[in-house]
Structures are given as C-alpha cells and as structure tokens.
Amino acid sequence: MSFISLRPSARSAAPRFLAPATAMALCLAAIQPGAAFALTAPEAWANLQSMAAGAGLTMTSTGMSGGDASVTVSGLRIFPTANPNDLIISMDTLRVEPQGEMITLAPSTQVDLAILFAGGLTRHFTVTHDGTITGNLTETNAALDLDFPTLSLVQVPGSVTLPGGKGSSVADPLSVSVQFQALDASLRAAREGAAELSLRATSVSYDVTYPDPATEGATVSQMGTLATPAVRFTGTELDMLSDEDGALRRAFDSGFSARLEFTSGASAQTSRQMVEGMAINMQTQGGSSEMVIEAANGRVDISGAAEALSMSGNYGPIPGSVTLAGMSMAFGLPLVVTPGDQAMRYMISLEDVAPSAELLAMVGAGQFAGERATVTLDLGAQGRLTREIGPDFGEGDAPPFDVSSVALNDLRLQVGDSALTGSGAVALIGGLMGQIGQARPNADGRFLFDLVGGERLLTRLQGMGLVPQDQLFFVRMMMNGLSRPVGDDHLQSEVVLQPGGTVTVNGAPLPF
2 MSFISLRPSA RSAAPRFLAP ATAMALCLAA IQPGAAFALT APEAWANLQS
52 MAAGAGLTMT STGMSGGDAS VTVSGLRIFP TANPNDLIIS MDTLRVEPQG
102 EMITLAPSTQ VDLAILFAGG LTRHFTVTHD GTITGNLTET NAALDLDFPT
152 LSLVQVPGSV TLPGGKGSSV ADPLSVSVQF QALDASLRAA REGAAELSLR
202 ATSVSYDVTY PDPATEGATV SQMGTLATPA VRFTGTELDM LSDEDGALRR
252 AFDSGFSARL EFTSGASAQT SRQMVEGMAI NMQTQGGSSE MVIEAANGRV
302 DISGAAEALS MSGNYGPIPG SVTLAGMSMA FGLPLVVTPG DQAMRYMISL
352 EDVAPSAELL AMVGAGQFAG ERATVTLDLG AQGRLTREIG PDFGEGDAPP
402 FDVSSVALND LRLQVGDSAL TGSGAVALIG GLMGQIGQAR PNADGRFLFD
452 LVGGERLLTR LQGMGLVPQD QLFFVRMMMN GLSRPVGDDH LQSEVVLQPG
502 GTVTVNGAPL PF
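The opening position of the sequence shown corresponds to residue 2 in the working numbering, with each subsequent residue numbered one higher.
Mixed in with the good hints, there may be bad ones.
What the hints assert, rightly or not - Derived Cβ-Cβ restraints for the label pairs, each shown as a range:
1. 436 - 467: 31 to 39 Å
2. 263 - 67: 40 to 48 Å
3. 340 - 471: 49 to 57 Å
4. 141 - 323: 50 to 58 Å
5. 380 - 243: 28 to 36 Å
Because the hints were derived from the structure by calculation, they are not lab data. Glycine included, each C-beta is placed from N, C-alpha and C at the ideal position.
Could you put together the complete structure from these sequences and hints?
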C-alpha cells in the first residue's frame with residue numbers, strides 16, 4: 002500500500018493550493034524528514050531537500066548559517082519541479098531545528114505565494130504569521146502540528162496580465178483577505194491508510210471579492226467573522242480509494258470508513274452584489290452550526306443543524322428581512338450493492354421562518370406579517386442499490402436502486418395557527434421495481450393527515466386575492482372530498498393502500 006501523498010495535484014481549473022491560509026504549511030508537510038534519531042540541523046536540512054525532490058518539489062536557497070542545534074536557511078523558494086509556475090513559495094528565512102524525533106520549522110514572519118490560476122493568471126498573496134510547524138515522517142507514520150497564534154493571508158493588490166496579451170492587463174475581480182486567531186492544527190497518518198486531522202481556531206475574519214458565477218462581469222463582495230470554527234476528520238483504509246472502477250466497493254470490503262465534522266460558533270457577514278443594475282446589500286447573523294458526514298459499512302450519512310439565523314438588507318430601494326429560529330437536515334443512502342435492504346433517509350426542517358412585512362407586501366401577503374412558518378419533511382425508506390456506483394450508474398431502463406418500503410416520519414406545513422401534519426408508512430409489494438407499469442401502487446400501508454385551521458387560511462388567502470373566487474369552490478370541494486371533520490376547523494384524512502392497487506380515503510374508494 003502507498004503512503005498518503007501530500008504532493009501538489011496535477012494542473013486543473015482550480016488554483017494550485019488546498020487551503021489558502023495553510024498552503025505553505027501543507028507544502029512543507031510534504032517534505033518532512035525521515036526518522037530524526039539524533040539528526041543534526043544540517044542533516045535535517047539535507048533530508049528536507051531530499052524529501053522535497055522525492056515529492057516532486059524543488060527547494061532553492063541563497064545560503065545557510067548556524068550549527069548542529071539549529072540552522073537558518075536564507076532566500077528559500079519552493080515550487081513544483083514539473084510545473085514551476087503553478088505555486089511558488091518564497092520566504093526570507095527558514096529555521097530548521099531538530100527536537101528528538103520531531104523537527105520544528107519556523108518560517109520568516111512573512112511568506113509570499115505566487116499561484117497560477119485557470120486562464121493563465123498569476124496572483125500574489127502574502128502570509129503573515131508568528132507560528133511554527135513541527136513534524137516527522139517515517140516509513141510507517143507521519144505527524145504534523147501547526148501552532149499559529151495569528152495568521153493572515155492577503156492578496157497583493159494590483160492587476161493581472163493575460164497570457165499572450167503583450168502587456169494588456171485587466172482589473173483583477175478577485176480580492177482576498179483572511180485572518181485567523183489561535184490557529185491550531187494536527188495531522189496523524191499511517192502507511193496502512195489511517196489518518197486523523199483536526200483544525201481549529203478561536204476566530205476567522207475575512208474580506209473577499211470574487212466573480213459573480215451568475216452574472217458575467219459582475220462581482221460579489223463579502224466581509225464577516227466566524228467564531229470557533231473547527232474541522233475534524235478520521236479515516237481508515239484511505240489508501241484503498243481511487244477513481245478506478247469498483248474501487249469504492251473494494252475499499253468498503255477492506256474496512257474503509259471516514260468521518261468529517263464541521264462545527265462553528267456565531268457568525269456575521271455583510272455582502273454586496275449587483276443584479277440587473279440594482280445593488281443587493283445583505284447582512285446575516287447566525288448562531289452555532291454543525292455538519293457531520295460519515296461513510297462506513299457501505300453507506301453515507303449526512304446530518305446538520307444550525308441555530309437562529311437572521312438576514313436583512315435591501316434590493317435597490319426595497320428593504321426586507323427574514324428570521325429563522327433554526328434548521329436541520331439529514332440524508333443517508335447505501336453506496337454499494339448489498340443482498341438486503343439498508344435504511345435511506347431525507348429530512349429537512351426550517352423552524353419559525355418570519356419574513357418582514359416589506360417582503361410579504363411585495364407578494365401581496367401583508368396580512369401574514371408577524372406570523373411564522375415551519376416546514377418539516379422527514380422521509381425514510383428501506384432499499385438497496387441494484388448496481389454499483391460507476392460510469393454507467395443510472396443508465397438503462399431499470400432504476401439503479403430498489404425500495405421495499407417508504408415511511409413518512411413527519412410532515413408539518415404550518416403558517417400562523419394553520420397547520421397540515423402527516424405521518425405513516427407503506428410497504429411496496431414487489432418493491433419499487435414491481436410498481437413499474439402499474440396504474441396504482443400495489444402496496445400495503447396507511448397514512449394519516451390532519452389539517453387544522455385550513456378554512457381560516459383559505460379565507461385569508463381569498464381575501465388577499467391569492468386564491469381567485471372561481472377556484473375557491475374547487476379547493477373547498479377537494480378538501481371536503483378527501484377529508485372528514487373531526488373538530489372545529491379540523492379535517493382529517495386516513496389514506497389506506499391495499500394489495501392489488503386499492504386506495505381508500507377515510508374508508509371510501511379514492512374518488513379519481
């Protein structure tokens with residue numbers, strides 16, 4: 002098995018760095034020395050140069066001073082040997098200091114980056130810091146620690162020259178300024194494919210401008226802060242992953258697993274962009290949030306949640322705002338073919354959404370000002386893939402997956418004091434494949450729906466002109482035909498699906 006490589010990637014449309022604030026650190030991580038048993042500093046530096054060459058990197062310098070305990074390299078430049086213009090890291094000095102089996106690298110307080118972007122544009126960035134990098138690489142294990150009390154990455158202002166433009170230049174639509182406070186990172190990896198990575202900071206602030214992906218020639222500007230961001234990754238048998246056909250299946254069979262966690266505290270952001278000649282200004286404030294992505298046992302599961310969020314701003318002269326009490330999501334499905342079913346899930350929930358009166362007035366819904374809306378949909382299923390994920394996945398007449406049962410775990414559509422709720426489950430006889438060509442599902446299950454305040458909501462919508470008078474009768478007829486009254490402005494529908502394609506609503510055959 003091969004060791005996890007940190008060498009620069011091949012040429013692509015993306016810039017040649019993984020994460021701007023840690024680009025220099027990751028490049029240096031790729032060239033940590035072998036086991037440093039009583040190495041002198043000059044020997045450690047020689048090992049660094051040798052490892053760099055093995056990783057496809059060239060390191061040049063103008064001089065070296067110091068003794069066995071520590072050396073300082075002057076005028077250091079690091080770049081990919083095969084594509085020397087892709088990424089150039091320059092620093093005035095680099096102190097190399099062996100510490101037992103570890104080696105500490107202390108770059109000069111300012112490090113310069115020159116990065117080649119798609120289209121042949123080279124942009125320059127300055128990294129300013131007061132930290133160190135400590136690491137070690139042996140034949141079987143790797144260790145890397147980053148400790149930066151402060152770290153900033155700022156794009157050097159100026160224009161960019163187009164390749165072959167004979168001196169013609171254009172204003173650069175990209176501008177980047179990012180600052181980290183108390184940045185701390187740790188990487189541990191083993192030759193057999195296990196790895197653990199953690200990255201955290203007390204705060205991150207940023208001020209960026211970038212091309213608007215939706216409007217040619219326009220830009221989006223964003224400025225904000227993020228408290229206590231953290232990333233944690235763990236994985237096993239990572240060296241089994243590749244883009245070869247069937248590699249995912251082989252990786253899971255070998256015990257591959259991975260877990261990626263993102264967490265953050267409170268955030269605040271302001272943004273500005275132009276749409277059809279009108280300025281959109283937006284201010285956003287949010288609470289803590291988290292997301293977890295886990296791949297194990299032949300499946301992937303994703304979950305996330307965020308606390309209260311508020312957005313306010315204006316579209317030209319029109320102001321508006323929206324608040325949200327919280328949101329959550331979950332998604333899961335199998336990634337390999339299995340003989341039995343696995344759980345599938347799709348869930349999203351938006352709690353207490355409250356648009357401002359100005360926004361509601363724009364759509365003629367001013368009567369709902371001050372009221373909140375909640376949308377929750379939680380679907381579950383039992384199913385399996387019918388073919389392995391690959392280039393031909395999804396092709397052919399038959400679906401690439403089969404489903405044996407579906408569950409409506411929770412449905413809630415609520416506006417003010419009016420709400421539609423529902424739940425239930427159904428087994429598909431013969432699975433999803435068995436329903437192909439059927440006029441009605443051959444299934445066995447039951448769903449129960451409740452509508453509270455539906456008449457009140459209809460009356461309000463009709464009063465605002467959102468439901469025309471000639472359609473109001475039809476809507477009421479459908480509501481009464483598919484439900485039964487069980488209380489004051491409270492309707493209920495019991496939908497039963499029976500083998501053979503029979504569907505009843507409140508005990509009566511489906512009327513259509």
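Quick rundown of the hints versus the structure:
1. 436 - 467: 31 to 39 Å: Since residue 436 and residue 467 have Cβ atoms about 36 Å apart, the given range 31 to 39 Å holds.
2. 263 - 67: 40 to 48 Å: Roughly 41 Å apart at Cβ, these two residues keep to the hinted range, so it holds.
3. 340 - 471: 49 to 57 Å: Holds - the Cβ-Cβ distance for residue 340 and residue 471, about 56 Å, lies within 49 to 57 Å.
4. 141 - 323: 50 to 58 Å: 53 Å, holds
5. 380 - 243: 28 to 36 Å: 33 Å, holds
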